[in-house]
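Q: If you read the sequences in order, they're chains A and B. For the first sequence, the working numbering gives the first residue as 1, with consecutive numbering after it. For the second sequence, the working numbering gives the first residue as 1, with consecutive numbering after it.
Calculated directly from the structure, the hints in this document are not laboratory data.
Computed cross-link-like contacts, DSS-like style, restricted to lysine-lysine with a CA-CA straight-line distance of at most 25 Å:
#1 A:K52 <-> B:K168
#2 A:K221 <-> B:K78
#3 B:K227 <-> B:K78
#4 B:K220 <-> B:K230
#5 A:K13 <-> A:K78
#6 B:K220 <-> B:K78
None of these values were measured; they are calculated from a predicted model.
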Amino acid sequence: MSFWSGVLAIVRKDLSMELRGKEIVTTSFFFALLTLVIFNFAFDMSSLEIRKSAAGILWVALLFAGALTMNRSFLYEKENDCLSALMLAPLDRSSIYFGKLISNLALMLISEVFIIPIFIVLFNINVMQKPLYQLAALLLGTTGFITVGTIIAAMSVNLRAREMLGPLLMLPVVAPVVIAAVEASGGMIRGEPAEGWWVWLEILIAFDVIYLVVSWLVFEKIIEE
Amino acid sequence: MDFIKKNIDTITMALTALTALFMVVALFMVFIHAPLEQFMRWPQKIFYFHVPIAIMCYVGFFITFVCSIGYLWSGSLKWDSFAVSGAEVGLLFANMMLVTGMLWGRPIWGAYWTWDPRLTTSFIMWLIFAGYLILRSQVDDEVTRAKYSAVMGIIGFADVPLVHYSVKLWSRGIHPVIDRSGGDAGMHPDMFMAFKVSFVTILLLFVLVFIQRVRYEFLKCQVEIIKSHKTRETKQG
Chain A
1 MSFWSGVLAI VRKDLSMELR GKEIVTTSFF FALLTLVIFN FAFDMSSLEI
51 RKSAAGILWV ALLFAGALTM NRSFLYEKEN DCLSALMLAP LDRSSIYFGK
101 LISNLALMLI SEVFIIPIFI VLFNINVMQK PLYQLAALLL GTTGFITVGT
151 IIAAMSVNLR AREMLGPLLM LPVVAPVVIA AVEASGGMIR GEPAEGWWVW
201 LEILIAFDVI YLVVSWLVFE KIIEE
Chain B
1 MDFIKKNIDT ITMALTALTA LFMVVALFMV FIHAPLEQFM RWPQKIFYFH
51 VPIAIMCYVG FFITFVCSIG YLWSGSLKWD SFAVSGAEVG LLFANMMLVT
101 GMLWGRPIWG AYWTWDPRLT TSFIMWLIFA GYLILRSQVD DEVTRAKYSA
151 VMGIIGFADV PLVHYSVKLW SRGIHPVIDR SGGDAGMHPD MFMAFKVSFV
201 TILLLFVLVF IQRVRYEFLK CQVEIIKSHK TRETKQG
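The whole structure should be built from the sequences, with the hints applied where relevant.
A: This is the structure:
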C-alpha cells in the first residue's frame with residue numbers, strides 16, 4: 001500500500017465514522033458556540049470597540065473547541081485496541097499521523113463552516129471582508145494548532161489525566177499561532193492594508209511547515225510499542 | 001566519563017567550595033567594586049545576576065532539546081536522564097529569572113510584569129517546560145515516559161524562535177538591551193568585570209546543580225534495577 005492510499009484510507013474511515021455518529025463536529029461546534037455566548041456576557045459586545053477584538057474572540061472559541069475535541073480521534077482508536085490493528089496494517093507509520101491530521105483538520109473546518117456565519121450574525125461583524133485571505137488565515141491557523149494538537153493527542157490519550165493534559169501541553173506551544181492568526185484575521189476585519197497583516201500569514205506558514213516536519217519525524221516513536 | 005563517575009564525591013565537594021567562593025567574590029564585585037549606574041542606581045545591581053541566570057535557563061532547555069533528540073536517535077535511557085535534568089534545572093533558573101526580573105521591573109518600570117517580547121517568550125517557555133514535567137509525572141513506564149517527554153522537549157524547544165519572532169512583531173519591547181555599537185562591552189570596565197565574575201558564578205552553580213540532578217536520576221535507575229532483582233529473587237525463593 002502506498003503512502004497516500006494509506007493516508008486516504010484512514011481519512012475515509014474517520015470521516016465515515018463521523019458521518020454516522022456526528023459526535024466530534026457537533027461537540028466542537030457547540031463548544032465554540034457556548035464560548036461565544038460566554039464572551040458576550042463577559043464583555044460588552046455591543047460597543048463599537050469590539051471590532052478591535054472580534055478576531056481574538058473568534059479564534060479563542062475555535063482554539064478551545066479544537067483543543068477539547070482533539071483527544072477524541074485517538075480515543076476511538078484506543079477502544080478495542082484499534083491502534084494496534086492500525087500499526088499491524090501494512091502502512092507507513094507516518095501515514096497514520098497524516099491520516100489523523102487530515103481527518104482532524106477536516107472535522108475542525110466543518111465546524112468552522114457552521115460557527116463563522118453564526119459569529120457574523122450574532123455580533124454583526126463582517127469577518128469575510130477579504131474572503132480569500134481570510135479563508136487562507138483560517139486554514140493556516142487551524143492547520144497550525146491541529147498539527148501540534150494531533151501529535152499531543154497521540155501521547156495524551158495514554159495518560160491518566162488525558163482530558164486535562166492535551167490542552168495543557170498544546171496551548172503554550174501554539175502561542176505563535178494564536179498571535180499570528182488573531183493579528184492576521186483582525187487586520188483584515190478592521191480593513192487594514194495588506195502590509196499590516198501579510199507578515200502574520202507568513203508566520204503561520206512557517207509554523208505549519210516547521211511543525212509538520214517535526215511531527216512527521218517524531219510520530220513513529222510515539223506509537224511504537 | 002569514568003573519571004567523573006569514580007571521583008564524583010570529590011568533584012562535588014570541590015565544585016561546591018568553588019561556587020561558594022565565587023559567590024562571595026561576586027557579591028563583593030557587584031556591590032563594592034562595580035560603580036553605581038547613574039540612572040537606575042541600586043536596582044541595576046540585579047542585572048549582574050538576572051542576565052547570567054537567563055542565559056543558563058535557556059542553556060538548560062537547550063540541553064533538554066539536544067538530549068531529547070539523542071534519546072529518540074539512540075533509545076538509551078541515559079539521554080533521558082540528562083534531558084529531564086536540563087528541563088528541571090532550566091525551570092529552576094527560569095523561576096529565578098522571572099523573580100529577579102520582577103524585582104527589577106517594579107522600581108524601574110513601575111510594574112512587576114509587562115508583556116514585553118522577552119518576558120512573554122520566557123513565560124511561554126516556562127509554561128511549556130512546566131508542562132513537560134507534568135507530562136512526565138503522568139507516565140509510569142519509564143520507556144514510554146522517555147519517549148513522550150523527548151517528543152515534548154523537541155516540540156517545545158522548536159517553539160523558541162517562533163514565539164520570540166512573533167511576540168517581537170506583536171508588541172514593541174521595553175526590555176533594555178546593552179548598547180554595543182561602540183564596539184566595546186557597552187558598560188564601564190569595572191561593571192563588565194563584575195558581570196564576568198557573576199557569570200562564572202552562575203555558570204558554576206548551574207553545573208553543580210545539574211550534575212547533582214543527573215546523579216540523582218542515575219541513582220534512581222539503580223534503585224529500580226535492585227528492586228526488580230529483589231522481587232525476582234523473592235518470587236524464585
